[in-house]
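Enquirer: Use the sequences and the hints to build the structure in full.
Just so you know, the sequences run in chain order A and B.
Numbered by my numbering, the letters in the first sequence go through residues 4 to 484 in order.
Numbered by my numbering, the letters in the second sequence go through residues 4 to 484 in order.
The reader is advised that the hints may include incorrect statements.
Unchecked claim - With a cut-off of at most 20 Å between alpha-carbon atoms, the simulated SDA-like pairs for lysine to any residue come out as follows:
| no. | chain 1 | residue 1 | chain 2 | residue 2 |
| --- | --- | --- | --- | --- |
| 1 | B | Lys86 | A | Ser39 |
| 2 | A | Lys327 | B | Glu71 |
| 3 | A | Lys30 | B | Asn72 |
| 4 | A | Lys31 | B | Glu71 |
| 5 | A | Lys66 | B | Asp33 |
| 6 | B | Lys108 | A | Pro117 |
| 7 | B | Lys30 | A | Lys108 |
| 8 | A | Lys66 | B | Phe324 |
| 9 | A | Lys108 | B | Glu111 |
| 10 | B | Lys59 | A | Trp144 |
| 11 | B | Lys31 | A | Asn129 |
What the hints assert, rightly or not - Short derived list, chain A residues pointing at chain B, Cβ under 10 Å:
| no. | residue |
| --- | --- |
| 12 | Cys43 |
| 13 | Met44 |
| 14 | Phe78 |
| 15 | Ala95 |
| 16 | Pro96 |
| 17 | Val101 |
| 18 | Leu164 |
Keep in mind that the hints were calculated from the coordinates and are not lab data.
Just so you know, these numbers come straight off a predicted model, no measurement behind them.
Where is the CB? At the ideal position from N, CA and C, for every residue including glycine.
Number of protein chains: 2
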Amino acid sequence: MSAEKKMVEAITPMDVDFAQWYTDVCKKADLVDYSSVRGCMIIRPYGYAIWENIQKILDARFKATGHENVYMPLFIPESLLNKEKEHVQGFAPEVAWVTHGGDEKLTERLCVRPTSETLFCEHYANIIRSYRDLPKLYNQWCSVVRWEKTTRPFLRSREFLWQEGHTMHATAEDAIEETLRMLDIYADFHENDLAIPVIKGRKTESDKFAGAVATYAIEALMHDGKSLQAGTSHYFGDGFARAFGIQYTDRENKLVYPHQTSWGVSTRMIGGTIMTHGDNDGLVLPPAVAPIQIVVIPIAQHKEGVLEAARSLAAKLGEHFRVKLDDSDYTPGWKFAEYEMKGVPLRIEIGPRDIEAGQFVAVTRHNREKIVAPISEAVSVAAERLKAVRDGLYEKALANRTAHTYTCTTIEEIKTALREHGDGFVRLMWCGDEACEDSIKEQTGVGSRCIPPEEEQEKISDVCICCGKPAKHMIYFAKAY
Amino acid sequence: MSAEKKMVEAITPMDVDFAQWYTDVCKKADLVDYSSVRGCMIIRPYGYAIWENIQKILDARFKATGHENVYMPLFIPESLLNKEKEHVQGFAPEVAWVTHGGDEKLTERLCVRPTSETLFCEHYANIIRSYRDLPKLYNQWCSVVRWEKTTRPFLRSREFLWQEGHTMHATAEDAIEETLRMLDIYADFHENDLAIPVIKGRKTESDKFAGAVATYAIEALMHDGKSLQAGTSHYFGDGFARAFGIQYTDRENKLVYPHQTSWGVSTRMIGGTIMTHGDNDGLVLPPAVAPIQIVVIPIAQHKEGVLEAARSLAAKLGEHFRVKLDDSDYTPGWKFAEYEMKGVPLRIEIGPRDIEAGQFVAVTRHNREKIVAPISEAVSVAAERLKAVRDGLYEKALANRTAHTYTCTTIEEIKTALREHGDGFVRLMWCGDEACEDSIKEQTGVGSRCIPPEEEQEKISDVCICCGKPAKHMIYFAKAY
Numbered sequence: 004m005s006a007e008k009k010m011v012e013a014i015t016p017m018d019v020d021f022a023q024w025y026t027d028v029c030k031k032a033d034l035v036d037y038s039s040v041r042g043c044m045i046i047r048p049y050g051y052a053i054w055e056n057i058q059k060i061l062d063a064r065f066k067a068t069g070h071e072n073v074y075m076p077l078f079i080p081e082s083l084l085n086k087e088k089e090h091v092q093g094f095a096p097e098v099a100w101v102t103h104g105g106d107e108k109l110t111e112r113l114c115v116r117p118t119s120e121t122l123f124c125e126h127y128a129n130i131i132r133s134y135r136d137l138p139k140l141y142n143q144w145c146s147v148v149r150w151e152k153t154t155r156p157f158l159r160s161r162e163f164l165w166q167e168g169h170t171m172h173a174t175a176e177d178a179i180e181e182t183l184r185m186l187d188i189y190a191d192f193h194e195n196d197l198a199i200p201v202i203k204g205r206k207t208e209s210d211k212f213a214g215a216v217a218t219y220a221i222e223a224l225m226h227d228g229k230s231l232q233a234g235t236s237h238y239f240g241d242g243f244a245r246a247f248g249i250q251y252t253d254r255e256n257k258l259v260y261p262h263q264t265s266w267g268v269s270t271r272m273i274g275g276t277i278m279t280h281g282d283n284d285g286l287v288l289p290p291a292v293a294p295i296q297i298v299v300i301p302i303a304q305h306k307e308g309v310l311e312a313a314r315s316l317a318a319k320l321g322e323h324f325r326v327k328l329d330d331s332d333y334t335p336g337w338k339f340a341e342y343e344m345k346g347v348p349l350r351i352e353i354g355p356r357d358i359e360a361g362q363f364v365a366v367t368r369h370n371r372e373k374i375v376a377p378i379s380e381a382v383s384v385a386a387e388r389l390k391a392v393r394d395g396l397y398e399k400a401l402a403n404r405t406a407h408t409y410t411c412t413t414i415e416e417i418k419t420a421l422r423e424h425g426d427g428f429v430r431l432m433w434c435g436d437e438a439c440e441d442s443i444k445e446q447t448g449v450g451s452r453c454i455p456p457e458e459e460q461e462k463i464s465d466v467c468i469c470c471g472k473p474a475k476h477m478i479y480f481a482k483a484y
Numbered sequence: 004m005s006a007e008k009k010m011v012e013a014i015t016p017m018d019v020d021f022a023q024w025y026t027d028v029c030k031k032a033d034l035v036d037y038s039s040v041r042g043c044m045i046i047r048p049y050g051y052a053i054w055e056n057i058q059k060i061l062d063a064r065f066k067a068t069g070h071e072n073v074y075m076p077l078f079i080p081e082s083l084l085n086k087e088k089e090h091v092q093g094f095a096p097e098v099a100w101v102t103h104g105g106d107e108k109l110t111e112r113l114c115v116r117p118t119s120e121t122l123f124c125e126h127y128a129n130i131i132r133s134y135r136d137l138p139k140l141y142n143q144w145c146s147v148v149r150w151e152k153t154t155r156p157f158l159r160s161r162e163f164l165w166q167e168g169h170t171m172h173a174t175a176e177d178a179i180e181e182t183l184r185m186l187d188i189y190a191d192f193h194e195n196d197l198a199i200p201v202i203k204g205r206k207t208e209s210d211k212f213a214g215a216v217a218t219y220a221i222e223a224l225m226h227d228g229k230s231l232q233a234g235t236s237h238y239f240g241d242g243f244a245r246a247f248g249i250q251y252t253d254r255e256n257k258l259v260y261p262h263q264t265s266w267g268v269s270t271r272m273i274g275g276t277i278m279t280h281g282d283n284d285g286l287v288l289p290p291a292v293a294p295i296q297i298v299v300i301p302i303a304q305h306k307e308g309v310l311e312a313a314r315s316l317a318a319k320l321g322e323h324f325r326v327k328l329d330d331s332d333y334t335p336g337w338k339f340a341e342y343e344m345k346g347v348p349l350r351i352e353i354g355p356r357d358i359e360a361g362q363f364v365a366v367t368r369h370n371r372e373k374i375v376a377p378i379s380e381a382v383s384v385a386a387e388r389l390k391a392v393r394d395g396l397y398e399k400a401l402a403n404r405t406a407h408t409y410t411c412t413t414i415e416e417i418k419t420a421l422r423e424h425g426d427g428f429v430r431l432m433w434c435g436d437e438a439c440e441d442s443i444k445e446q447t448g449v450g451s452r453c454i455p456p457e458e459e460q461e462k463i464s465d466v467c468i469c470c471g472k473p474a475k476h477m478i479y480f481a482k483a484y
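Expert: Structure follows, in structure tokens:
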């Protein structure tokens, strides 16, 4: 951070301009910067460290469930992208095309991968022969490119970082189980680590991934009442396998097609974290992914013994947590504001009087709760406080979602709820027809998000909110990012 | 691995065709596969796991020396690449150009980054204002693209994975110190973790990185007597800073230019590891980066108690090492060959007679040394054996390099040495003129590799081996990858 910038600048309040608040937080918490590459972002050290923490946790869960990491080429030849019809129709309009290598025009243009189903399929066709080769459980961490018109840091950018899992299974049942297993891992990571409550469910036909039989997603409600699709998991059936000629010999020695899945989450999760937990003082980070979990700030640090005590406390905590001691010559007040802007979950203050009393002050970022605790118990107190932050963040987000979830049985009720209580999730009954799905969106401004699983289906009424015919599903609608 | 493939296929012997041996090892050890994306490789799980181990070790060293990770865009606008004249001349002929986004022609074409100096400089111009902002010590893990004509897995491919450090310093001294510090980290990693002895030195003027004041490299001698440039570290002076208008206010309140470095290593190191340690039975991996450090193979596993004993031993070892138990129904002989192909450093065998005697058999991959040890001491014996593998690999490689390093004072001596003892390093005295450098290469086939630091300069003779004028440097020449 530049010395000049080292003044705490105010950010636009959320209720004045939510989009500007978001951009301010991204910039002023030093998460991103812009460059001359339009639509792409620079992820700065503080932002990238959040991504590294996310990667570390998820990668361990992927490996614990038997997945292996690989790396596929960045480019996809046009003819390869064209192999699966629905897939190419979905992605061709938004890919970046490489046409020249050095001074030479390529004989076939290459797109920069928007997603890698086609590359994985080509490889699987090479390496899958027998039922003994299945399942293949591959994952890749990489960047992908989609030529978006309107971009915003983390939420929608022309290049973003993500992971994409691509798996092949002997049977449809195995593949569906995998699809839902990974959806569960995403949901669990969001709820426990990011402290973001999510709705799990299936996308409607019109909202599926290009080439999928079924797309499942987790949806999270942001501060402004819009939903963020935070992760997706797709079941492909054997469509790609047929298009790419992937076959294996089963136990009965018959040649059959395997069944496929793919699933992904991206740096978009950082955007979701900002818009779920952030406030008018800046970022608020859940401890599991915070680059700095605890900042230790000495009070009256010029006084004898203060710096030593702060250092010793920070060192002790540093054995268990990600800790930063700020002994710079800025004032404590400046430092408080700076680390609030950066969303550090727990601030620890220690000054002459604290030292005398053998204690320290701990303040949790999200609710400014201040406690005093003995230095001798620092580690256990800090652990408890960080747990309290995660739980507090989750409860706050859940309460906000509950307050902004409206169960409606008529179009008028939807309009009234949104007008009177603000944007949010609308739960309604739907006949399953795309015409009604479109009509609801046209009339109310909210679009379909997802259909929760059978066991969470609740019969709000017998009929479709739009056409009055028998209803098939309870479904969530919302405005969305 | 496919069931059909599950026969141990022989690989081409090194001395029959070294290039084919290399390709065979890459393919048959399941490190890479090809795709329809010409010149790019698929890094398969076993190959990627080696890269993950490399990343983990290096990333920790970078962080321990104060570096932070960031992520810059994949694309560089043509005008940005053009800002530093020497740099663009070096890279423009070998970049891939994106000209279209979806159906639209871009107003300015973008290259896929071949390296990111220009992007870092643009960002540094935004964030560096004062001496208090320095140093900036950034690193990025990513893939880069260079449109090579001839490609080989790991050694030279159109896309490869690497890390690129980019740092800014207040003074030239600080920047030079950083350049050499990172060179040392690379050398140390090669020698200790990859067990590859390296020569550290400065590149000649003609061989510098495009835009650098000085380029330093580590060079390693491969089995076939060719040198592999395994890592580079560049000092840029303030050339890029001037081109990009990066200035800061120093302590005397004057506006001055900072000094810059960049440094990188890539998946090429995997190629170097294969060509340094591999043999006619396949890959040989140094324990620090081996995905499987120890394979446990039960002998006569159908006999009572064998599988249990093997499992218990593998579990105990698994607490300290990366261990695989192979209890598949292949024969022990098949398994031996399979894990030799894959270069697993230590094989542990345990059968009925071993169990009775409370012992196991441990065989080190690189020299087939077989020892018998008590099960109760498995962990300490395994640790000692893995250390012995690292040391043995290093000594073997060093002995090979020593045997193929020729100190020459005439062109004729170079020719004779290469003819009689095979390719290798040639140490010679050089006047420093490019004409002589070129002439030596033309006459002998070996090109300049690097000039070792002052303290390692040894005066072989007073005069240049080529022109007979006073010599300036002792320098290493070799054929190179």
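Enquirer: It remains to establish, for every hint, whether it holds in the given structure.
Expert: Against the structure, the hints come out as follows:
Proximity of Lys86(B) to Ser39(A) is assessed by CA-CA distance (about 13 Å); at most 20 Å being required, the pair is judged to hold. About 15 Å separates the Cα atoms of Lys327(A) and Glu71(B), which keeps this hinted pair within 20 Å; it holds. Between Lys30(A) and Asn72(B), the direct Cα distance comes to roughly 17 Å. Compliance with the 20 Å bound is thereby established for this hinted pair. The suggested pairing of Lys31(A) with Glu71(B) holds, with an alpha-carbon distance near 18 Å, which does not exceed 20 Å.
Of the supplied pair hints, the one linking Lys66(A) and Asp33(B) holds, its CA atoms being roughly 19 Å apart against a limit of 20 Å. Between the alpha carbons of Lys108(B) and Pro117(A) the distance comes to roughly 18 Å, so the proposed pair stays at or under 20 Å and holds. Of the pairs offered as hints, the one joining Lys30(B) and Lys108(A) is violated, with about 31 Å between alpha carbons and a cut-off of 20 Å exceeded. For a cut-off of 20 Å, the pair hint linking Lys66(A) to Phe324(B) stands: about 16 Å separates their Cα positions.
Under the criterion of a C-alpha separation no larger than 20 Å, the hint pairing Lys108(A) with Glu111(B) is consistent with the structure, at around 17 Å. For the suggested pair Lys59(B) and Trp144(A), the alpha carbons sit about 15 Å apart, so the restraint of at most 20 Å is met. Restraint check for Lys31(B) and Asn129(A): satisfied, since their Cα atoms lie roughly 14 Å apart, inside the 20 Å limit. Because the beta carbon of Cys43(A) sits about 4 Å from the nearest beta carbon in chain B, less than 10 Å, this interface hint is met.
The interface hint given for Met44(A) is met, as the beta carbon of that residue sits about 7 Å from the closest beta carbon of chain B, less than 10 Å. Annotation: interface hint on Phe78(A) holds; nearest CB of chain B at approximately 5 Å, less than 10 Å. Residue-level restraint check for Ala95(A) holds (minimum Cβ-Cβ distance to chain B is 8 Å; threshold 10 Å). The restraint placing Pro96(A) at the interface with chain B holds, with a minimum CB-CB distance near 5 Å, inside the 10 Å limit.
Taking 10 Å as the C-beta contact cut-off toward chain B, the hint placing Val101(A) at the interface holds, the least distance being around 5 Å. Interface hint at Leu164(A): satisfied, since its Cβ lies 6 Å from the closest Cβ of chain B, which is below the 10 Å cut-off.
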